[in-house]
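Fit chain B to the known structure of chain P by using the hints.
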Amino acid sequence: MPVAIVLASVAALLATAVLAVAIQGRRSASRLIYLICLGACVIGLAAASYQLVHGTPTAPELHLPIGLPWIGAHFRMDALGALFLCIINLGGAAASLFAVGYGQHETLSGRVLPFYPAFLAGMNVVLLAADAFSFLVAWEFMSLSSWALVMAHHQDPENRRAGYVYIIMASFGTLALLLAFGLLAGPDGNYAFATMRGAPHVQWLPSLVLILVLLGAGSKAGLAPLHVWLPLAHPAAPSHVSALMSGVMTKVAVYGFIRIVFDLMGSPVWWWSTIVLGIGAVTAALGVLSAVMQRDLKRLLAFSTIENIGIVFIGLGLALAFKANGMHFASALAFTAALLHALNHSFFKSLLFFGAGSVLSATGERDIEKLGALIQTMPQTAFLFLGGCMAISALPPLNGFVSEWLIFQAILVSPDLPQWGLKLMVPAVGALLALSAALSGACFVRAFGIAFLGRPRSPAAKAAVETDVFSRAAMGTLLALCVLAGILPGLVIDSMAPVALGMVGQSMPAQTGIPWLSIVPVAESRSSYNGLLVFVFITISTLVAIEVIHRFASRAVRRGPAWDCGFPDPSPATQYTADSFAQPIRRVFGPAAFAARERVDMPPPGDARPARLSVALRDLAWDAIYAPVGDVIIILSEKLNHLQFLTIRKYLSLVFVVLVALLLTLSLWN
Amino acid sequence: MDATALDVAHLLAGGMVLISFLLLYQDRMFALLNVFALHAIVLAASVAWQAHIQNAPHLYVPAAIALILKGIIIPVALHRVVIRLGIHRTIETVGGIGPTMLLGMGLVALSMVVMLRAAATADPLAREDLAFALSVLLLGLLMMVTRRNAVSQIVGFMSLENGLILAATGAKGMPLVVEISVAFSVLVAFIVIGVFLFRIRERFDSVDVQALDVYRGEQR
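One line per chain: the protein sequences are P and B, in this order.
Residue numbers for the first sequence follow the working numbering, so the first one is 1 and each next one is one higher.
Residue numbers for the second sequence follow the working numbering, so the first one is 1 and each next one is one higher.
Hints in this document: simulated from the structure, not taken from any laboratory.
Since the model is a prediction, treat every value here as computed from it, not as a measurement.
The reader is advised that the hints may include incorrect statements.
[Unchecked claim] Quick partial rundown of chain P residues pointing at chain B, CB under 7 Å, derived from the structure:
(1) SER653
(2) PHE656
(3) VAL658
(4) LEU663
(5) LEU666
(6) SER667
No residue lacks a Cβ here, since even glycine has one placed at the ideal position from N, Cα and C.
Same shape as in the complex, but just chain P (with noise of 0.2 Å):
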């Protein structure tokens, strides 16, 4: 049984954390509780795609007399519960087969160990937890071990901000979905899922539980603009931990999410999806830009994740859309969208964190503009990397670009649509997708221009060394499932079939029959895509053209003055630079999205001191909603404040009053 065998791979895990503990300064300490975790995820990955392949529609629950005693922990694996464990536990293997190179640079191993499998432990539960109780508990598990990790290096005061931001974040994440939960169980109680899942509803309860789980579950995915938490967190964690962070735990918050929406709260109402979209598109937009502006190789790859999250919630935003109108089709075909960018994001972004963490182990440098050059010592890392962008910048034949075009097909549908609302904003959300793709690729282009090609800007690039053979193998795995998943798109789309049956009651039509290996998503007369002749045509064409370069070209070696590209300065510094790559859009989109202000400070003619250009950027959510916030919040305890120093009379007239005020509230009531 499926759900029985993922248990025991959660209890191995958490077995491992207290043998971490245990072994913790051993020499092989890291290597073994890596490759123990390995197997775990190994493991739990065998029965959830098990699960999804063979299983049945209806799964059978397994009940477990833990937690409390009146409700138990019950434990389910259905479609949606089996593909995002498969999701998990993909990731969790890659990571920890990173780790088992990686973890051998980690100085400070005991604060890492424990928490890692308890980490992996927690994500596996909350997919698996069928009522509201054990759910909620493995989230916040997920989540406090999560900042345990995050605190990790906690000599570095940023890192302690991070893990300060974030915990303020997740616990109030979790408030906003106990709220959810709450409502949904309703007075009598009823936490278990299934029990949720037909009860009736009043009327604007439904619309509130999503407002409360766009705040839960969005805070934990990094929807803007609850978002300020992550390229904080994500960047502070040891390498193989914010890969996990960024490409495994926000797609757990898309599976609650998931969950409650399209699950438990019964048919959607049209208007909660322009809630979604516009989050999201924003959201997009916004990860995007961001990352763009990023000097910090981590800190642009996590709000590169805040980009692809927003695409994903597009997707769900669609399909929420198409449901409510009763589009079964048109939901499917974007549910699934969703779906496969959340399944190939966690692909990619693992193995370009995996790269960073490379880069971070063999330079000891985050800061793109002081790196360059790491194709030459670094040149299977360099390919690999070069793989991981091309596939988040959605180019074919890789798996982005197959995603991102289901979720474009889904936006032509909705024309169809028959509120005017809709019509008139989906397109609009198109625009902002199809700008964030394509600044999606300028950030990469950036990333991997200034960071690996060029000439080393700092010592430390120079002497890089190519990293180890493990970290090698991870990355080299994700990359070919990217390539396999971009040329084989419709066996993973029909694979997510009983998902999409299962949430939105409708699936893609099978993709597997088609000839050639297409896929076409609505009618063959509208679009069709074919990853696999896309491949071969640019592998021919590449290969036709080396041959011709070869051998028509002349082989006569001239000798001539090397072009200097400009820069008679033979120094590195005077390379193109990250900011200066990043300058064009800064100054298009910078004063609307940043705030953004530009002061050149030019001496005058005989002052021999250089010529400055600062830039300053501001974080605009930080400024509107948590500055005021925090603000308020220490005015509020400066004013309690008294509260401690008064009286002894007074305390108790503090009581009495609130109790007589309490008790005159009671006659009032009814």
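Showing chain B alone in chain P's frame:
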């Protein structure tokens, strides 16, 4: 029998409310202590009556504790404390007897409204007992709030406890251990507060709790 039982229970519980009002405006220490002793004796009678009509002989235990501890030992001990502290001649300024009384009447009305409605389905004996008990409790709290002298505050606290015991015994089926522990908690509170009284007195030459506030560097 039934009607008589109800009437007597009412009489005793109502008597406790009345004595609570008496407590509210006593401004001499000895008078206050005497009234408090009366309060405890009526409580003991009420609990004993409950034991009789509920056929629950174990309730005689709390009744005996209330009579001996609160009706005799604690008032006598407080008498001696007052004499040792030398405050038996002082007249406490209670301040605004009229408003305090009016407030107390309001509280009784409030507890009647709340309890009679909240426990509408309960057995009438328990329901009205609870309403009286809540009144006694609120009046005790009111007394603690309006008094400045530490001894009067103790008396307020004790009468509040009496209200609790009245409530606990009025409800059928409450385990004996709860009633006993409530009865004994008062003793513990008395010892602790008594020790504190002498400590305060030692340090500030007064048992007016305002002295504490002055010590903390605050004006009221």
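Checked against the structure, which of the hints given earlier come out wrong? Number 3 - this is the single hint that the structure violates.
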